[in-house]
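Undergrad: Given these sequences and hints, build the entire structure.
Each protein sequence line maps, in turn, to chains E and H. Number 430 in our numbering belongs to position 89 of the first sequence; there are no gaps in the numbering. Number 549 in our numbering belongs to position 468 of the second sequence; there are no gaps in the numbering.
Every clue listed holds true.
Here are the simulated SDA-like cross-link-like pairs (lysine to any residue), alpha carbons at most 20 Å apart as the crow flies:
no., chain 1, residue 1, chain 2, residue 2
1, H, Lys784, E, Val679
2, H, Lys164, E, Ile893
3, E, Lys758, H, Ala783
4, E, Lys694, H, Asn285
5, E, Lys695, H, Arg770
6, E, Lys695, H, Asp773
7, H, Lys164, E, Glu877
8, E, Lys694, H, Asn780
9, E, Lys453, H, Val845
10, E, Lys368, H, Val845
11, H, Lys164, E, Pro892
12, E, Lys695, H, Thr768
13, E, Lys694, H, Trp765
14, E, Lys695, H, Asn780
15, H, Lys802, E, Ile506
16, E, Lys695, H, Leu774
Quick caveat, the hints were computed from the structure, so don't treat them as lab data.
Spelled out, the chains give:
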Amino acid sequence: MFTNNILSIVTWLPALGAILILALFRKEQNDLIKKFATGWLVLDFVGSLWLLGYDRGLGGMQFLEDHQWIPAIGARYQMGADGVSVLLLVLTTFLGVLAALSSWKYIQKRQKEYYILLLLLQAFVLGVFSSMDLFLFYLFFEVSLVPMYFLIGIWGGENRLYAAIKFFLYTLVGSVVMLLGILKMYFLTQDTALAAKVTQATVDLLAGNAKASAMVATTLQQAAQNGTGNFSILYMQAIGSALPMGTLQVLLFLAFALGFAIKVPMFPFHTWLPDAHVEAPTAGSVVLAGVLLKLGTYGFYRFNLPMFPKASADESYFFSGTNHQFGVRSVMIFLAIVSIIYGALAAMYFVVKKDGDVKKLVAYSSVSSMGIVMLGLFALNPNGINGAVMQMVSHGVYSGALFLLVGIIYERRHTRKVSEFGGLSHVMPGYAAVFLAMAMTAIGLPMLAVFISEFLAMRGAFEANPVWAGWAGLGIILNAGYMLWLYQRMFFGEIDNEKNKLLPDLSVREWAYLLPLVVMSLWIGIYPGPFLRYIEKPVNAVVRQLRPNYPIPGQPATSTPVQIRTQK
Amino acid sequence: MYKFIWLVPLLPLAGAAINGIFGRWLRFPEKLVGGIAVGTVALSFLISVAAIYSYGFGGNGLWPNPYVSTQTAFTWIPGGAVKQTLGQAAPGSGEAKTISIANQPVTVPAARSSLLNIEWSYQLDPLSAIFMLIVNGVGLCIFVFATGYMHDDPGFYRFFAYMGLFMFSMLVLVMGSNFVMMFVGWEGVGLCSYLLIGYYFNRNEAANASRKAFITNRIGDFGFILAIFGIIATFGTAQYTQVMPQAASYPIEMLGNWGLMSWIALGLMIGACGKSAQFPLHVWLPDAMAGPTPVSALIHAATMVTAGLYMLTRTNVIFQHSQTMMLVVAVIGAFTAIFAATIGITQNDIKKVLAYSTVSQLGFMFLACGVGAFVIGIFHVMTHAFFKALMFLGAGSVIHGMHHEQDMRRMGGLRKYMPYTYFAFMAGWLAICGIIPFSGFWSKDEILWRTASTNHIPVGWLLWIVGTIAATCTAFYMTRLMAMTFWGKYRGDDGKEARGDDHTRGKHEHHPHVPHESPKSMWVPLVVLAILATVGGFVGISTAFTGGKEVGGKLNIVTWLSPVIWNPSTKAFGAEPGEAPAETPAQTIRAGAPINIERQAEGGLPYGDTGFNLAHAVEAKLGSETATEWVFIVISLIVAGIGIGLGLLFYVKDTRLADVWAARLAPLYRASYHKYWIDEFYGWAVTRRTMDLARGVFNFDAKVVDGGVNGAAWLTRLSSKITGGTDKYFVDGLVNAIADFVVRLMSPIVRAAQTGLTANYALVMVIGLLLAVAYYLVKMF
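TA: In structure tokens form, the structure reads like this:
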């Protein structure tokens, strides 16, 4: 029971906690509520560690659950996770604990509602990473907006309503377009001509193991019995890849891409992010940067790449001249590179400017980091995608830590302006040390987390086109520029502001939620092997799906077309 | 014994960790912190000496083969499959296949691929051995010195934690078995340099200098990392033992023929320029003198800045495959040598003079590599490590004895007050000027000789002239430094406050400024280094002195290092030129002049005819190579003498002369004094413009990108107002009438649910969703 439903348990446990808080506690029992919520999230984290038992040698989708849900449209309650999902799930539960812990003092009003929403947010995000049914995925994807909207809108800063509404509507626009794409995909699953082109080999490749393949088969059978289409993500990936390259595939790609690109966010869809971050409470920022942004990149990894391999690899659809050509992939790469450099430059503005906001700086640096993820994904080779996935994890670690650090100083001084600080090393040496470790992680110093991911992502990009790696490298120089400058302005020099003279250093609780992040950063930096082995097989499968002839040592590029059972 | 080399970098790291984590927490006393730091480095030094002895001279030593510590290795980054998109398959490997493109059969090589498994393992070979000895040996002297120099500093534990971390990074840099590990060390030493330059972080100047150093180095690292990507894309691995033999099989790219090897070498060279402070990335090193003096000695003179040379020598097979890049290396080296030397002449801060001297000497080393004398470059790295660390520590001792005065105009006559420091410094001075038999003579003279006689690149004669002038300048400014510091009369007693403090500590302030000798912990390392600076050159004694033979067996640096140097004439590693003539004619891609067949046949000219060659011209006149070498030795001794003589004339005999000539050559003097305004130019062209760009991008973001978003929102609201108005007055009228009725009926119930709190609404919404899901969950079980 436990092992068979582990994904459901991990996903729904926080929601159960929310209901328990709602039912058991009175409004005034703030202390109890926050301890209960934190403890509950720890429980969920411990539960999610079970997922690390993912069979890395087998690969593919594991921890499968499959139940009838809405037979009328063929939607099923299907859960499953590959190595990438496993890493993101554990990251989510891990950050969830830290987010709750960081809110103890920060949140002073309406604490009961706050922790209920935080728990629900966790549940929905976990649901996104573990859904194997597109309908279920979309449900989680959409509904995760709601708690975040309230977290910003109620516990946010001065301009919180503007930020919350912008966040909500902006991401909603993207997902609505995506919904159109989903509907079209659904109808395509009923297209017998297309289904005839789907080979069993493709499904096996995408599913990764026999059990997952069998699940697809059951789904198809059920759908055929009921005369409906289905929302099986694996089958839809197979259907999509059977689509010929053309307007339809490009349009579908773009429909999905828009929804995810806003979430990532990629230039030019990123302007909701700085506003949302600046206004969000610390924990909100941590979850937003650490987890919610990954919904976008995860979406690209899970849907765009394997579902529309031809569009993803296309470089000549929009324009094809003798010397120049431009296609879907070119657009994505272009936007990724612009995001990297543009995000870094925009972040730099907040140290160039006299009274820049530290949180905005970190927010823009996220745009730059997520650009690296996108560049790695669309390098379309194992190094690049491995790097992209690792960057999702390491970005979760370091941006989460930076937001926590900014939150700590904000709690003490109620300002985040760079100009208000200076010489903090003298009064807060522990804080300064952790900040340094995280700033160094952010700029990709070796032996720390981001180096591994940037190295691999850029290596992949170099393989695709050396010039891309060159541009990305430029962004990384800029990253070092503003991070060090920020550090200098906040921590070096003499204390020139009276208000900073008596600031206390980190408390035990603060150490408790910062140290795990420092340890994670070091661990990923020094010994990333275990992490990379989780994603090795799934990433290779995606690469195979995208480029059947890509030379992967030990994996011959042969596929004999075997017809899959077609639908009635 | 060499199986224990993994301990060598680990010990200083352990020391750093203990000091850094517990030093503050448990309030370690100075003696304990110093003991841990010096102890770990000393142990590490002993292990490396034992390991190198057993590797090179022991009964079953591995020399000349590299030893890779596979027992303790682990796969650091299992990065997945790599498609080798660059380069070519080694002959006979893989299968080519024939495909048809536009109905024409085309043969394409089989896709080459491999698994990118970046290993964490250490390599002991002749090159890393030398660097291990330099880093650990000189490092040990400097650590001992620092325990005295940093005495009573409140951040004592922090200082030694950073220093230990530096030792670890530097040792990883030189001992790593692949390029990525070199990069780890490369960035690691950059971080430590950042932390240590900014050690006195309450001083703005130090903080700025540390940031400048880091970012300038980042620009270099940008080139380096792209080169690593290029290497992986070409060879499918980053492991030296696999890359180098493959690289050797590529054809040489002659001058004007720019190919893959040239690209990789270019990237590496950019990295080397950043780390080793070569023009145009040299600007950070002089500023880095804001750090404590032991740091300047260890990091910014003896070890870190020579990382570029390590890299060049490590990848000499790649560089030697690109004649263009060899020329670039040589020209940049020679230019930097003379450029920095001319700046050194006019500086008044004792550490700044030494800093420019370091830049200039690094230029000499690059010149050596550029003309193909990699071994001599490393030889100079070694002798320079001895005498420059000595001089920096000497300067530290002077600064310490002068109560933190760094301006040489306020020194003078210190010979009386600081005898040990004076005599030790004297050895350094004679060494850097190139006076026989001090260590600097052997290496510098050899560099100039190899430059004059190079077959690798054209214009060797011009570079020789430049190098010789730079050597004269070196002798001149070093004599100036000696004269202003140690000779003449003490000028510090003019009642003014000391300026340019190395540190701001309250302890020694406001006493009568009588200079004093430094404590024993400081002058003993000086004496050790002085001995090394005097005799250290004998490991590379010139063949002119030994009748044309390399003597001393493996103790001779040329013989010791030869296994890592690729010989373009024999197309093999390690063989002496002429000993084993090439079996096949050099396989070269050529552009330009036809090969001089006659000389090509000698096997000595893999780069073809490189035009006028000074040494050959002299040799043709004299008819003997040894005689020619002697001519050049005498010339280099004469120019050193000229430099020293001029220095004595200006700063000892008639001290007014310096001012007179400064006034006569005012424009030149100002240019040199202001370091040719390069800093100002970068500040304007790079820093300011980047900041403008940042401002521009942000404004664009706020006005255009976000403006578009807000504009869309405004348009939506506008249209909703229009439709809303229509609704309100026409459609709503009817609805309201009905609603009114319903509301009156239902309001008591609905009112209870309408709390007005958004959170409650949210809860209702979410609970509804949960119920919907739960309904289906229940249904399916």
